[in-house]
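Trainee: Protein chains in written order, with our numbering: chain A, 1 to 612; chain B, 1 to 84.
Calculated from the structure, these hints are not laboratory results. Quick reminder that beta carbons are idealized off the backbone N, C-alpha and C, glycines included. One thing to keep in mind: the hints can contain errors.
[What the hints assert, rightly or not] Estimated spans, in silico, between C-beta atoms of each pair:
#1 A:Ala590 x B:Gly13: 21 to 29 angstroms
#2 A:Phe240 x B:Gly13: 19 to 27 angstroms
#3 B:Ile61 x A:Ile473: 24 to 32 angstroms
#4 A:Asp467 x B:Lys4: 32 to 40 angstroms
#5 B:Lys4 x A:Leu261: 39 to 47 angstroms
#6 A:Gly148 x B:Ile61: 52 to 60 angstroms
[Stated by the list, open to error] Derived lysine-lysine pairs resembling DSSO-like cross-links, with alpha carbons at most 27 angstroms apart:
#7 A:Lys234 x A:Lys369
#8 B:Lys82 x A:Lys270
#9 B:Lys10 x B:Lys72
#10 B:Lys12 x A:Lys586
#11 A:Lys605 x B:Lys69
#12 B:Lys12 x A:Lys387
#13 B:Lys69 x B:Lys10
#14 A:Lys470 x B:Lys82
#15 A:Lys605 x B:Lys4
#16 A:Lys586 x A:Lys387
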Amino acid sequence: MFKGGFIQNLPKIYGLYTGGFLVFILMMAIAEQAGVTAKTIGILFVAFTVAIYALIGYLSRTVQVDAYYLAGRQVPTVFNGMATAADWMSGASFVALAGGVYFGGYSYMAFLVGWTGGYVLVSTLLAPYLRKFGCYTVPDFIGTRYGGNGVRFCAVLVLVLASFTYVTAQINATGTIAARALGIPFEAGVWVGLVSILLCSMLGGMRAVTWTQVAQYIVLIVAYLIPVFWISNKIGAGVFPHLMLGDEVARITELEGQFGLVKNSAADVKAAGVPGGLKSIAVAHAGVGAGGMAVWKYISLAICMMVGTASLPHILMRYFTTPSVKSARKSVAWSLFFIFLLYSSAPMLATLSKISLIDPNLPTGIIGKSIADVQSIEWVKQWSSQKQVFIADFNGDGILQLNEWFMRTGVVVLATPEVAGLPYVISGLVAAGGMAAAMSTADGLVLAISNALSHDVYYNMIDPKADVRKRLIVARVLLIVVGAAGAYIASMRITSILGAVAWAFDFAMSGLFFPLVLGVWWKRATREGAIAGMLSGLAAGTAYLIYVYPKFMGNPAWLGIDHLRFGLIGAPVCLVVMVVVSLMTKAPDAATQRMVDEVRVPSGKSILGRAH
Amino acid sequence: MSNKEKHWQKTKGHMIMTMCLWAFFSMVIFLFGYEINGVSFLGYPLAYYMTAQGSLLAFVIIIFWFANKQEKIDEEFGFGEKED
């Protein structure tokens, strides 16, 4: 059945894997009918999928440097696209995106445009050139192009800051899902999550992460799309929801008019004892705010997310693993295609979930019913007991109004199967999908950080004479240390003061975007310019963040640039400083200029060899 | 102008073209979000549709188009890569 090597057989292997996973879902569905408890099904889903990833991680073990850092540069275009999509779509994308759309409406959907549009920048400005360069890590490119350990170290600094901001949130998400599915405390769940993450990456580095990410993508996309299509067909909204929910969107707008979108005052919410973080529906589903500020808010957020996307090292490094420059370019397109499958479904899921909840004509609708009846519904009982949903009868009439229903953002995805009355097996599947999404992103991030520390700091700066064995041992030790540090911070439950995932994009954008782009597109860019740009961009961005974030200094935002958008301060400072300092210092030498010329043509050998 | 320089000129032009398309779908249309939302597309309000699905799809198509055309430019100047 399997002739030829592993790479030639990839479509067969993952085809079998997908078939096996679907069979597993069917078996769980049968088990549910046979009376196996919901809890056991949840445990089986998470345990089974994590065990598969661990097996893949073990089978992909390696003792070669280029396999550890670059997966041997032989990951085919489409598979690299899937791996990047899993790398990209975090636990937050999976669990919180639809919820964000649900409560935030049009202005929140700037994230959708931002998190996809960035890939156009990746493919045109960076990915093919970085692949031609042949670097192991993003600081490897900066260090070689500009020359010297100083500039390399600055790049490591930005990378660690941006990626670490991101990784604690991911480990936090794996912990939350593991805790809920396995029925263990959150603190223990975080460490279970960490062990699962390390199982996937420690023995095989990039190679192991690549093949587990492909497997994780398959699980997460199946887990996301099945409920969307199922609910859509169940409530008769349309066979293919993406093209056919126009009527439902119009119906939600009509119901919003009928019920009234009331924004509860903070005092009312507090007096009623609504748990923190729960929201009511107060923003129009499909309406667009009028006025210049609304437009600026939307576009500025989209810009930050797009430019940030093009600067995040754990994404860029995925394109170092393709066999050629043109496959790196194509691979970006496939990545975005696979991401599109999920992102375009998130607003549809939000629409279906909302209409199931608020339309009185549907059996699942709860708005306008008596509160006593609603509180006796099984899923409402269960999620209320976990303080994830809440009912506050503000007007005391015993009837549930739209503004009296509160929900946590993440619950929209996790609870929608139950809200719409699907069997529990779907909820178990969704838990496995969320786990896959959080794990794959955490893996990519932990690996990006530890690779930069092992390759750029240890090997290039501390001990350039280290042999292969020693380098790989150091890389693995650092992987454990970085993962443990992330898990430790996640287990302290201080994520609320750590800020938003969006910060990672702003940090990366402030410090890395222009040094990377100008490294390829502007020969005159010098080492001094790059160092000055990275440090001043990062400093300006961070200073503005401290100035504006409510939990730090809390000053009013300047021109609507709030803490989610501080990259709009950092990146321009970085650009201006980098250009000015570059022009003031001596132009790069002839060898560097030749190197840049070489990077610009796809054919020929890469600048840095396979093993370096 | 050497072959390499010509290739880079054309590559730059292609990049700028792609950036213009990108800017149109990511920013320009959302400048008019309020105005175009009254237009109906597939039954959805247009601005809602673009941010939920339309622009995302446009980006996918733009990148495939970009990659194919860049490959042709590379081959035209003899910088195409051998089959891998």
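Trainee: Report the numbers of all earlier hints that the structure fails to satisfy, in ascending order.
Mentor: 2, 3, 5, 6, 8, 12, 14 and 16
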